Amino acid sequence: MNFEFLFNNFPELTITGLAFGAIYALIALGYTMVYGVLQLINFAHSEVFAYGTFAALWTVLALGGDAGVSSGRGIAILVAALVAAMLVSAAIALLLERVAYRPLLKRNAPRLIALISAIGASFVLAELLGLRDRVAGWFGLEESLSEYVSGARINRSMPTLLERKKLFSFFGYDVTVIDVIVIVAAIVMMFALDQFVRRSRLGRGIRATAQDAETAALMGVNSTRAVQVTFLLGGLMAGAAAFLYMLKIETTRFDVGFLLGVKAFTAAVLGGIGNLRGALLGGLVLGVAENWGSALLGSEWRDVVAFVLLVVILLFRPTGILGESLGKART
Amino acid sequence: MTRSTKRVRGIAALIATVGLTLSACGTTEDSGGGDGDSASGDGAACDLTLAFFGPQTGPAAGLGEPIINGAQLAIDEYNAEAECEVAYEQIDSQGSPDQAPSLATEAVGNDAIIGVVGPAFSGESAAAGPIFSEGGLPTISPSATNPALSENGWDTFHRALGNDATQGPAAAAYIRDTVAATSVFVIDDASEYGAGLAGIVEEELGDTVVDSDTIQTGQTDFSATATKVGSSDADTVFFGGYYAEAGLLVRQLRDSGFEGTFVVADGVKDPGYMDSARDAAEATVITCPCIPADDPAVAEFASAYEAEFGGAPGTYAAEAYDAAQIFLDGIAEGISTREDMLAFVNDYDEAGITKQLTFDETGEPADVHVYAYTVEGGEIVPDQEITS
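The listed protein sequences derive, respectively, from chains U and Z. Just so we're aligned, residue 1 is where the first sequence starts under the working numbering, counting upward by one. Just so we're aligned, residue 1001 is where the second sequence starts under the working numbering, counting upward by one.
Just so you know, these hints were derived from the structure itself, not from any lab. If you're wondering where the values come from, they're calculated on a predicted model, not measured in any experiment. It cannot be assumed that every hint is accurate.
To be verified - Example chain U residues on the side facing chain Z (calculated, C-beta under 7 Å, incomplete):
(1) L13
(2) T14
(3) S144
(4) S146
(5) S150
(6) I154
(7) S157
(8) P159
(9) E163
(10) K165
(11) I249
(12) L259
(13) A295
(14) G298
(15) S299
To be verified - Simulated restraints on C-beta separations:
(16) Z:T1178 x U:R134: 38 to 48 Å
(17) U:L297 x Z:G1153: 30 to 40 Å
(18) Z:N1152 x U:A91: 18 to 28 Å
(19) Z:Q1216 x U:R201: 43 to 53 Å
(20) Z:T1178 x U:S150: 26 to 36 Å
(21) U:L87 x Z:S1102: 22 to 32 Å
(22) U:F307 x Z:N1152: 16 to 26 Å
(23) U:F196 x Z:P1382: 52 to 62 Å
(24) U:F10 x Z:T1217: 50 to 60 Å
(25) Z:G1311 x U:N8: 41 to 51 Å
(26) U:I187 x Z:D1279: 29 to 39 Å
What the hints assert, rightly or not - Output of the computed footprint for chain Z on chain U, the stretches with three or more beta carbons under 8 Å from beta carbons of chain Z:
(27) 3-9
(28) 35-43
(29) 219-232
Quick reminder that beta carbons are idealized off the backbone N, C-alpha and C, glycines included.
When you get a sec, could you build the whole thing from the sequences and use the hints?
Right, here's the structure in full:
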């Protein structure tokens, strides 16, 4: 137990923990929204995130991003990467809804079947990414795309486009521009999503479907559309998370989604699954707790701390910290 | 009726998923040789197979490729002159200790296999070792360096390179003498290989080590570790682990302001490290009991390798060549049973291209060299042989 180290580096551990927690939170939104509407855990959501990281990586590589480019161009490339990541993630999320869920839900299949379908879809998507060199080979594009598809099963990284400038000092820790971007972006997106669900017409449809799908349908809510929008929003948030992840870690791999997916799911449950604000809180709490735990006990205890925290919170608050479902959220 | 059909469909889908997953992990056979002609020429044995055991796919596949190619080269050279060819089977363990036992059982069951070049990694060696030992199938690893592997009493175990008990002290000597470090931070990845190596370095360096930390394989965010390194004011970081984590780790250490020397071992000596670490990889020191490709001793091998595979030999390609060569010498002498092959390997004493190849009773090589490499301009270049 290294309390001295924890106290001496408390600000730094907290800020870097919040930054990673913000990424968990954005991914967690996807789990939480789908659960809120369909009472279903979308296990393939981790792959929605993974494809977003690759969209960001490939955009940067395609636009010739290099550590040496001017900061104006670098920022333009990063914005393009953000857009690409959000679009690709949203497309994958919609595809999942169309292929892996809608046919099952239409036939009123039990939830368990949809869960298995999601796990299968998750495997297919991840392995396709891990075999992307072979997939390119089918089309004879292996050579021309080698920059993008080579090393299909190992880490791929992008150059540093945004210098880690120190912005201000927070109790002795120099907060970098990346920390600020990640935390602020996550909170802003979260807030925008929350307002969308609470105030817009589509958001009302989503909440109505979450409360009672049949009654909502009788009231004229197109529930298929509501489910689609739910997946779309989850995908957009996962895409944003993927971009922020690439900004911070700069490296991705075909199975990057697995561990982050598990952690984000944990964050969603921690905050109260089905609750948007809970996902944000859960993500931030999880990120910070992991860092504190790593400092206190050693980095190998990181996951132990995260999951013990989950169990303890669920023991006292079985519905999570904010435990309230999407349907009950009112303006 | 409808209900049960649905259930059947669900189960079928599940089975299909599992089947797909499993079939992706099968073995790959290379039908490079094995002609039906069993007429034996000048006393050499026929219809035999050498196997490679290690990662052909998977997260550490980059480390498997040079080994596969190095052994391939030795076999090709043998086949070019021999009356009957030796076949080469590549057993893809993906470097995973979980898959190793069943694949090893399969290899032992294949009577044509007379020797195994591998297993490549320490973790899978530990998992597969008892099975090879029981099946009497001799193995020569060109790359597994965990010291404990030779202490299990497996008669079949051999390795063609120095273990971490020699690499660890060499890395420590380099940190102490060449880097002249005054405070060292030791990190390991909790793997059989990484933790063992880091432990030796920590012990050798004694009071110079200011702190240590353990990370997890697959982890991507090392901010807590970076904070620890930063607050310890260490001027050197030693990391025991593989290149996947090393690339991420060094990048985050540099980002957080660490400016000292980053020292790693052979598990990081792979182009994948520079791919993932990019600029942060510069000046990394890599120790390795593997001979540099530009060493005069392996010049002939290096040019043959380049002609065949279109690139300089990677890490452990020469060691794999040596390992395969030992088995091939045995086959050339007419050895056709595992029992005789094992006795032959145990008594072997010839000059290989990397070192004098002879094993003590535990399977350790008698002659060991450790070299230091550094990263310069995105390439791993030989620095010097470490003499302690």
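(message) Hints numbered earlier in the text: which of these fail when held up against the supplied structure?
(response) 2, 3, 4, 5, 9, 10, 18, 21, 22, 24, 28, 29
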